[in-house]
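There are 2 protein chains.
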Amino acid sequence: MEKTEATTIEISESSRERKGKAPLLAAAVAHDRAASGYKRGVAIFDLILRISAATAALAATITMGTTEQTLPFFTQFFQFQASYDDLPTFTFFVIAMAIVTGYLVLSVPFSIVCIVRPVAAGPRLLLILCDTLTVTLATSAAGASAAIVYLAHNGNSDANWLAICQQFNDFCQRTSGAVVAAFVAAVLLIFLVVLSAVALKRR
Amino acid sequence: MEKTEATTIEISESSRERKGKAPLLAAAVAHDRAASGYKRGVAIFDLILRISAATAALAATITMGTTEQTLPFFTQFFQFQASYDDLPTFTFFVIAMAIVTGYLVLSVPFSIVCIVRPVAAGPRLLLILCDTLTVTLATSAAGASAAIVYLAHNGNSDANWLAICQQFNDFCQRTSGAVVAAFVAAVLLIFLVVLSAVALKRR
Chain A
3 MEKTEATTIE
13 ISESSRERKG
23 KAPLLAAAVA
33 HDRAASGYKR
43 GVAIFDLILR
53 ISAATAALAA
63 TITMGTTEQT
73 LPFFTQFFQF
83 QASYDDLPTF
93 TFFVIAMAIV
103 TGYLVLSVPF
113 SIVCIVRPVA
123 AGPRLLLILC
133 DTLTVTLATS
143 AAGASAAIVY
153 LAHNGNSDAN
163 WLAICQQFND
173 FCQRTSGAVV
183 AAFVAAVLLI
193 FLVVLSAVAL
203 KRR
Chain B
3 MEKTEATTIE
13 ISESSRERKG
23 KAPLLAAAVA
33 HDRAASGYKR
43 GVAIFDLILR
53 ISAATAALAA
63 TITMGTTEQT
73 LPFFTQFFQF
83 QASYDDLPTF
93 TFFVIAMAIV
103 TGYLVLSVPF
113 SIVCIVRPVA
123 AGPRLLLILC
133 DTLTVTLATS
143 AAGASAAIVY
153 LAHNGNSDAN
163 WLAICQQFND
173 FCQRTSGAVV
183 AAFVAAVLLI
193 FLVVLSAVAL
203 KRR
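Chains A and B are the protein sequences, given in the same order. Residue numbering for the first sequence follows the numbering used here, beginning at 3 and increasing consecutively. Residue numbering for the second sequence follows the numbering used here, beginning at 3 and increasing consecutively.
Any given hint could be a false lead.
Claimed, not checked - Which stretches of chain A does chain B cover? Using the computed rule of at least three CB atoms under 8 Å from a CB of chain B, they are:
# : stretch
1 : 89-100
2 : 103-116
3 : 127-137
4 : 140-148
5 : 181-195
Stated by the list, open to error - Partial list, derived from the structure: chain B residues whose beta carbon lies under 7 Å from chain A:
# : residue
6 : Gly39
7 : Gly43
8 : Ile53
9 : Thr141
What the hints assert, rightly or not - To list a few chain B residues with every Cβ distance to chain A over 10 Å, as calculated:
#  : residue
10 : Arg35
11 : Tyr40
12 : Leu49
13 : Ile50
14 : Leu60
15 : Leu73
16 : Ile97
17 : Ala100
18 : Gly104
19 : Leu108
20 : Val110
21 : Leu153
22 : Gln168
23 : Asp172
24 : Val186
Think of the hints as simulated: they come from the structure by calculation, not from any bench. Glycine included, every Cβ here is placed at the ideal spot set by N, Cα and C.
Please model the complete structure; the sequences and the hints are all you need to start from.
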């Protein structure tokens, strides 16, 4: 800000033959153009990260949502079967990651607006606010499911909770994969927030 | 940005009797002062939120860290006892919330720098980056522990995990309280990120 002011003053003093108003505007336009090129690059990177995060979130949702396993043996009374909605945490995971995916897809137009009009701070501020909320949602879903997946793998002797992964091996594999995908989406979202903050700073 | 430019031009044209350089600087200084007053208010609010979040995180750490319960009866072979380190998730919770508390306390000087020099964007950008990472840590700890606390309260018949809160009632109460405090700290951290983003925008 101060640097720009100094530049405009120097220009208007060195070119006395001109009106003095045009160089001021010209310098401002030149500064805006330089900032706009930098910001356009950031906005394009933002769009790429956003689409990657949406893909990861979608993969996590679908992997968890379609997970079920039926064991090949059954007793007289019931058949052993595991699906994601047996555990409330996994249901929360599916709902939360579906919301994250939906938000990321819906935010793509705003990201494109930031590419077309790189200097506009409004859409960027909107994106950083919503991204912060979304990163929290994704992280809480991933963290909660990670705790349950750990329990399913290892069990807990103190609480007398047995590991269920010996029986439901395929089920455990798939839920672990979904949790990893959710963490990837969360890390990409953190980068999105950081990127938006850096873009907001360099005006 | 454009508005400031327009103001400075008008002033330098309306006061032809003066050198033309002074009003330009005066307008810039006036604009800086207005922005600085606004930013100082935001920075003070930031400091208050930060101390509240540190208190909540410290409360969560201490509550979880000091939780243990010994049941008043015992069998011939062992005594029933529950403490936070029986469950790896709760150990993660204590470590993560201790890191969050430490970061929040250490970030107070940077927040004070933002009050003293409100226009400086460097410390504010540093704070928003670290706050984003911290909010993720706090949320994942809170989410993971919430999943385990839910399981301790309700159990899960499909995985054959029994609720342990009938026996360890006091233990469950305290861990639930710690999780709630962690969520409060996470929400305050979200506000901190949003506040910093808004302050970065209004330059």
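Hints versus structure:
no.	hint	result
1	89-100	holds (count 3)
2	103-116	violated (count 0)
3	127-137	holds (count 6)
4	140-148	holds (count 8)
5	181-195	holds (count 3)
6	Gly39	violated, 16 Å
7	Gly43	violated, 18 Å
8	Ile53	violated, 21 Å
9	Thr141	holds, 4 Å
10	Arg35	holds, 13 Å
11	Tyr40	holds, 15 Å
12	Leu49	holds, 19 Å
13	Ile50	holds, 19 Å
14	Leu60	holds, 21 Å
15	Leu73	holds, 13 Å
16	Ile97	holds, 14 Å
17	Ala100	holds, 17 Å
18	Gly104	holds, 20 Å
19	Leu108	holds, 20 Å
20	Val110	holds, 20 Å
21	Leu153	violated, 7 Å
22	Gln168	holds, 12 Å
23	Asp172	holds, 15 Å
24	Val186	holds, 13 Å
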